Amino acid sequence: MKAHDETMMLRTPFHSRVAEACEINQWDDWKGYTTPRAYTEVEQEYFAVRSSTGVFDLSPMTKYRITGADAERYLNRVMTRDVSKLKPGRVGYTIWCNDAGQVMDDGTLFHFGAGDYRLCSYTRVMDWLQWSSLGLDVSIEDETADVAALAVQGPTSCAVLKAMGFIGIEELKPFGLTHHAFENTELMISRTGFTGDLGYELWIEPGKAELLWDRLFTAGANLGIHPIGNDALEMLRIEAGFLQAGVDFVPAEETVREGRSRSPFELGLGWLVDLDKGLFNGRRALIEEQRNGSRYGFVFLDVQGNKPAQHSFILKGKREIGSVTSAAWCPTAKSNIAFAQVESQYGRPGEELIAEIYYQRELIWTRLLAKCRVIERPVFSSPKRRQTPAPDF
Amino acid sequence: MTSSSFEVIIVGGGHNGLVCAAYLAKAGHKVLLLERNERVGGAAITREFADGFSVSACAQWLYQFNPTVQADLNLAQHGLQLAARDLDTIALAADGNHVTLSSTTVHGTSVSQQDQLAYSSFTQQMQKFASLLASASERRAPKLLHSNWTDRITLLKLGLGMKMLGKQDMQDLMRIALINIYDVMQENFDNHLLQAALSLDGTLGTHMGPRSPNSVFSFLHRRLGEVFGFNGPAVVKGGMGELSEALAKAAVSYGVELRTLAAVGKINCNADGVTGVTLTSGEIFNTPVVVSNADPKTTFEKLVGLRNIETGVARRVSTIRMKGNVAKLHLALDGLPDFSGLDMLQQGQRLLIAPSMDAMERAFNAAKYGEFSAEPVMDICIPSLHDSSLAPAGKHVLSALVQYAPYDLKAGWAPVRETYTQLLIERLGAYAPNIGARVLATELLTPVSLEREFHLGGGHWHHGEISLDQIMMMRPFPGATQYAMPLAGLYLCGAGAHPGGGVMGLAGRNAANEIISNSKRANTGSIATTKQQEGNS
Numbered sequence: 000m001k002a003h004d005e006t007m008m009l010r011t012p013f014h015s016r017v018a019e020a021c022e023i024n025q026w027d028d029w030k031g032y033t034t035p036r037a038y039t040e041v042e043q044e045y046f047a048v049r050s051s052t053g054v055f056d057l058s059p060m061t062k063y064r065i066t067g068a069d070a071e072r073y074l075n076r077v078m079t080r081d082v083s084k085l086k087p088g089r090v091g092y093t094i095w096c097n098d099a100g101q102v103m104d105d106g107t108l109f110h111f112g113a114g115d116y117r118l119c120s121y122t123r124v125m126d127w128l129q130w131s132s133l134g135l136d137v138s139i140e141d142e143t144a145d146v147a148a149l150a151v152q153g154p155t156s157c158a159v160l161k162a163m164g165f166i167g168i169e170e171l172k173p174f175g176l177t178h179h180a181f182e183n184t185e186l187m188i189s190r191t192g193f194t195g196d197l198g199y200e201l202w203i204e205p206g207k208a209e210l211l212w213d214r215l216f217t218a219g220a221n222l223g224i225h226p227i228g229n230d231a232l233e234m235l236r237i238e239a240g241f242l243q244a245g246v247d248f249v250p251a252e253e254t255v256r257e258g259r260s261r262s263p264f265e266l267g268l269g270w271l272v273d274l275d276k277g278l279f280n281g282r283r284a285l286i287e288e289q290r291n292g293s294r295y296g297f298v299f300l301d302v303q304g305n306k307p308a309q310h311s312f313i314l315k316g317k318r319e320i321g322s323v324t325s326a327a328w329c330p331t332a333k334s335n336i337a338f339a340q341v342e343s344q345y346g347r348p349g350e351e352l353i354a355e356i357y358y359q360r361e362l363i364w365t366r367l368l369a370k371c372r373v374i375e376r377p378v379f380s381s382p383k384r385r386q387t388p389a390p391d392f
Numbered sequence: 000m001t002s003s004s005f006e007v008i009i010v011g012g013g014h015n016g017l018v019c020a021a022y023l024a025k026a027g028h029k030v031l032l033l034e035r036n037e038r039v040g041g042a043a044i045t046r047e048f049a050d051g052f053s054v055s056a057c058a059q060w061l062y063q064f065n066p067t068v069q070a071d072l073n074l075a076q077h078g079l080q081l082a083a084r085d086l087d088t089i090a091l092a093a094d095g096n097h098v099t100l101s102s103t104t105v106h107g108t109s110v111s112q113q114d115q116l117a118y119s120s121f122t123q124q125m126q127k128f129a130s131l132l133a134s135a136s137e138r139r140a141p142k143l144l145h146s147n148w149t150d151r152i153t154l155l156k157l158g159l160g161m162k163m164l165g166k167q168d169m170q171d172l173m174r175i176a177l178i179n180i181y182d183v184m185q186e187n188f189d190n191h192l193l194q195a196a197l198s199l200d201g202t203l204g205t206h207m208g209p210r211s212p213n214s215v216f217s218f219l220h221r222r223l224g225e226v227f228g229f230n231g232p233a234v235v236k237g238g239m240g241e242l243s244e245a246l247a248k249a250a251v252s253y254g255v256e257l258r259t260l261a262a263v264g265k266i267n268c269n270a271d272g273v274t275g276v277t278l279t280s281g282e283i284f285n286t287p288v289v290v291s292n293a294d295p296k297t298t299f300e301k302l303v304g305l306r307n308i309e310t311g312v313a314r315r316v317s318t319i320r321m322k323g324n325v326a327k328l329h330l331a332l333d334g335l336p337d338f339s340g341l342d343m344l345q346q347g348q349r350l351l352i353a354p355s356m357d358a359m360e361r362a363f364n365a366a367k368y369g370e371f372s373a374e375p376v377m378d379i380c381i382p383s384l385h386d387s388s389l390a391p392a393g394k395h396v397l398s399a400l401v402q403y404a405p406y407d408l409k410a411g412w413a414p415v416r417e418t419y420t421q422l423l424i425e426r427l428g429a430y431a432p433n434i435g436a437r438v439l440a441t442e443l444l445t446p447v448s449l450e451r452e453f454h455l456g457g458g459h460w461h462h463g464e465i466s467l468d469q470i471m472m473m474r475p476f477p478g479a480t481q482y483a484m485p486l487a488g489l490y491l492c493g494a495g496a497h498p499g500g501g502v503m504g505l506a507g508r509n510a511a512n513e514i515i516s517n518s519k520r521a522n523t524g525s526i527a528t529t530k531q532q533e534g535n536s
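If you read the sequences in order, they're chains X and U. Here numbering that gives the first Met the number 0 is used: position 43 in the first sequence is 42, and no number is missing along the way. Here numbering that gives the first Met the number 0 is used: position 403 in the second sequence is 402, and no number is missing along the way.
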């Protein structure tokens, strides 16, 4: 039993600094932790990430430490991708399914060394992880509260870290991880993020969290550093094309109604499925789905106009063929983007569909039939994201 | 050595494994049956436990063997004979006022006329309910989701069958199916011995007391025997092993290859399904279809390996409830034990020591906390009265099922075996005073020894509790019904599959039918193709 299982509304190790910076005092509940919706102005926070550096407190992210002789085999049973290809010192984006081949969650998997991994997820899945360890020599520990973490994202993020004294950080490749000494402890830095831009995530013991925050903001003072809240991150991730569990799909083991869960193929995540790697949860069902066809397809839509197509129905002609799961006006790409699930026969790139948007102005509802076009890939992708050595700006 | 000339390998030659093998071979499939022990039969076996004294070493009564299986496989021709059948059940009273239950009547000095009348209508009603259950037992359990026409017809028949019971009986069935046998007994009868004798049938071989929910269903399951033509238990001539011998002869006559002392150590599989088996000797057999007669836990945990199956399946397997509570006592006796108030003919019936339902419940209480009951319930058989071949002339064997003796005894069984055996002999002595003096040799099989010798996981006869969450479309677990396991090419044919335990033969027969019809559906008749389809269904 961890603290977050019994108490609601915990505070992250950065809370004193977050609360001080949070001028508008608007808070969200993220798996039991108090997290800011925004600190000042959502757009300002968004642009901090796109033009300088934004800092996001991701301490509430669920974190499991997975260790043991069978750790790799274990993760290969759970994950749809081939974990044996993830080398030590690397991080991988991954999803996992139940036996029915339905997506339970997505997350990042950190490979520290032989038989030593960290899995970061949205859901808390200790029970599933424990069941999955039956017959295998592996131990799973929930270290959510034991590790504080900050995402430092944006074009000047590398420069900020260099200003903190982390020599050579610019050489860290995307999805790489490295360890640095920090105030008599070890700071782990991974080149990962949820924004589609150059960015890092910093992982440290909770006792050193406030110090890390202070040093970071001092170093970034002249590099446009700004804390960002959940609302800005939402815009950023939609622009970058990242799915959010609980929003773009319902974690399979949490669905109540038949047919409400989705497979990797139905979420556009087929590239994370390796049917040739041997047994894994859902393999049987996914082979069958490949043979018989999927029920749904996942599409990025470029929607006409500037009204976000939040919760819209998607029509083909007059027929309803799907609905929107995430939508936002994306300032950098200057496009109105929506993620939608549509019946699988629709959604080929370039296809014209219609979003039935409802919005309200001063109590009056307006229905808008906005044309939209299926686009092949997310609208924002910075070349800096992949550049090594990472640029200062 | 590698051999691949067989289409199907059956792991374990228990009675269901033998039945399944026989049906498959009869339908023209090439079948190899591998048995770990020296002789086939599993829990239906006769064994010498003392010089000149033999006994049915695990199952002791035949009371629900399916007549269709018997006829289909010509078992009479292959040597199956009953030494006695339609025996009465006598609930022993310490004061000698025993109660005798036959199929439809009950008598004894302590039994009121009201109880006699109630017994007659109660058994009639139970017969109706058991018939309904029997019709569902003779075919595969229907799937509720993704069912096909066969399943829908089964469900329809079941629903129609319930409707046809008539309003009163249907209401009664719906009402009692979920409650406990204690309440049902209290509702119907006053006589404590009668109540206890009937409720024993609802709890024997389970981890339930009379007050446990599901004990009514378990009772009805046992009553299947009445539908299959057994008006009381029967004794197989030569012991239960002779039934297995007859099954083995039938199987061999259809072309099954039987190999004993061939212990399967591993069911081999890859991500796509089973590939064969490896014996503990190292010998490998490749085959597209493996049918396990082992219980589902043993099958997945020991033979397949939990690491080789998906998480959801591993989870289901680990949570199957199968806690054995029955020990088996064998006594070699210098002469007939003289149970007080019983003549020789009566001593040949099924004798019960179960003074009252409360006494049974107290005996169960001990098991709940990992202790054996100091006043256990006993189901006693003296088979040598019907079959003189089991003991030297003038001598007898007594075999008794003893409940509650939990598998996971806190103290462990090894240190208490002797004292427990002594306790049981003294318990018998309360009803047959001279028995202690006549004992020549004893054998106690604890649930742990039953597991070791007969490979019953947890020492549980039924390969998993017979309770509403583990029957029909939920046996052995959801997603693994209809005999095909969630690992392509792997089937289950034992008591862990529908319709469950007891020497009945239906699980083996239904499993064979399912494999045969799957191979027909593959349209080539070849089982190898079936596996492909199944892996994808």
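Wrong hints could be hidden among the right ones.
From the structure, some residues in chain U lie toward chain X, with a derived Cβ separation under 10 Å [stated by the list, open to error]:
id, residue
1, Cys268
2, Ala270
3, Asp271
4, Gly478
5, Pro485
6, Ala487
Read the hints as simulated data drawn from the structure, not as lab findings. Computed from a prediction, not measured in an experiment: that's the story for all the values here. C-beta atoms are modelled at their ideal positions from N, C-alpha and C, and glycine is treated no differently.
Quick rundown of the hints versus the structure:
1. Cys268: Holds: closest Cβ of chain X sits about 9 Å from Cys268 (chain U), inside 10 Å.
2. Ala270: This hint holds: Ala270 (chain U) lies near chain X, its Cβ roughly 4 Å from the closest one there, short of 10 Å.
3. Asp271: holds (9 Å)
4. Gly478: holds (7 Å)
5. Pro485: Cβ of Pro485 (chain U) sits 7 Å from chain X, so the hint holds.
6. Ala487: Since the shortest Cβ distance to chain X is 8 Å, the answer is holds.
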